[in-house]
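K.L.:
Spelled out, the chains give:
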Amino acid sequence: MYKHEGSRGSGAPGWVLQRITGLLLVVVVIAHFFVMHGNYSSGHTYAAVLARMHDPFWKMFDLTFITVGLWHGLNGTWGIFRDYKMKPALSLTIFGVIILSGVAFWVLGVNTILSF
Amino acid sequence: MAYQPKPPEGWLKTNFKYYKHSGSWAWILHRITGLGLTAYIYIHIYALTSLTQGPKAFDDEMKIFSSPIFRVLEWLLFSLVLYHAFNGVRIVLVDWANGARYHKQILTVVYSLGVILFIGMGVLMLTHGPAIVPSGK
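Those sequence lines, one after another, are chains A and B. Residue 1 is where the first sequence starts when you use this note's numbering, and the numbers rise one by one after that. Residue 1 is where the second sequence starts when you use this note's numbering, and the numbers rise one by one after that.
Think of the hints as simulated: they come from the structure by calculation, not from any bench. No false leads were slipped in.
To be clear about the criterion: a stretch of chain A counts as covered by chain B if any three or more of its residues have a C-beta under 8 Å from a C-beta of chain B, and this derived list gives those stretches: (1) 13-25; (2) 30-40; (3) 43-49; (4) 68-75; (5) 109-115.
No more than 30 Å apart at the CA atoms, straight line, and that leaves these computed lysine-lysine pairs for DSS-like: (6) A:Lys85 / B:Lys20; (7) B:Lys13 / A:Lys87; (8) B:Lys17 / B:Lys104; (9) B:Lys13 / A:Lys85; (10) B:Lys17 / A:Lys87; (11) B:Lys63 / A:Lys59; (12) A:Lys59 / B:Lys56; (13) B:Lys104 / B:Lys20; (14) B:Lys20 / A:Lys87; (15) A:Lys85 / B:Lys17; (16) B:Lys104 / B:Lys13.
Backbone N, C-alpha and C define an ideal beta-carbon position, used for all residues, glycine too.
Construct the complete structure from the given sequences, taking the supplied hints into account.
P.N.:
Printed below as a string of C-alpha cells:
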C-alpha cells in the first residue's frame with residue numbers, strides 16, 4: 001500500500017552504488033597506499049608527485065578517485081545518520097553540512113589536480 | 001491485555017546492553033573506520049593543496065609528515081583502510097553472493113588478510129622510507 005513507507009524513495013540506487021564504488025575503492029585505495037604512502041621516494045617528493053600530476057592518465061585517475069572516494073565516504077556517513085530517528089531540522093542540517101562540505105572539498109581537491 | 005510499551009531508555013543504553021556477536025562488532029568497526037576514513041579524506045585533500053604553492057611548501061610539509069610520529073600514524077591509518085576494504089568485500093558477498101552462510105569464516109579471512117598486509121606495509125614503510133631521525137634535526 002505504502003510503497004516506501006513514507007520515504008521519498010527506496011534508497012536502493014544509493015545502496016547499490018555504495019557497493020559498486022566500494023569494490024572499486026578496495027583495489028584503488030590499497031594500490032594508492034602502497035605507491036604513495038608505502039614508498040617515500042615515489043610518494044613524498046615534489047618531483048615524483050609532479051611528474052605523475054602532469055600525466056593525463058594519473059590526472060583522470062585522481063579525478064575519479066577523489067569523486068568516487070568522497071561520494072562513498074559521505075553517502076556512508078549520511079547512511080549512518082539516517083539510521084537514527086532525528087527531528088527534521090537536525091536531519092536537514094546534517095544533510096546540508098555533508099553536501100556543502102563535500103562539494104567544497106571536492107572543488108578544493110579538483111583545483112589541486114587541475115593546477116598542473 | 002493491552003500492549004504495554006517498554007519505558008523509553010537512552011540511546012547509549014540500548015546500544016550497549018545487547019549481546020554482541022562477532023558480526024555486530026564487524027558492523028560497529030565498519031562504521032567507525034568509515035567515519036575515520038571520511039574525516040581523513042578531508043584532511044588529505046586539504047594537506048595536498050600545498051602542491052599548488054610550489055616545491056618548497058610541499059617538501060617542507062612532507063618533512064613534517066615523514067617524522068616518526070606521523071609515519072606511525074600513517075601506518076595505523078592503513079589498518080583502517082584494510083579493515084574497511086576487506087570487511088566491505090564481506091558485506092558485498094553477504095548481500096550479493098551466498099556470503100550469509102559463511103560470513104563468520106569470511107570475517108576470519110578479513111582479519112587474517114588485514115594483519116598480514118598491515119605487517120607487510122610496516123616492513124615496506126621501514127625499508128622504503130628515509131632513515132628515522134628524531135624530528136628537529
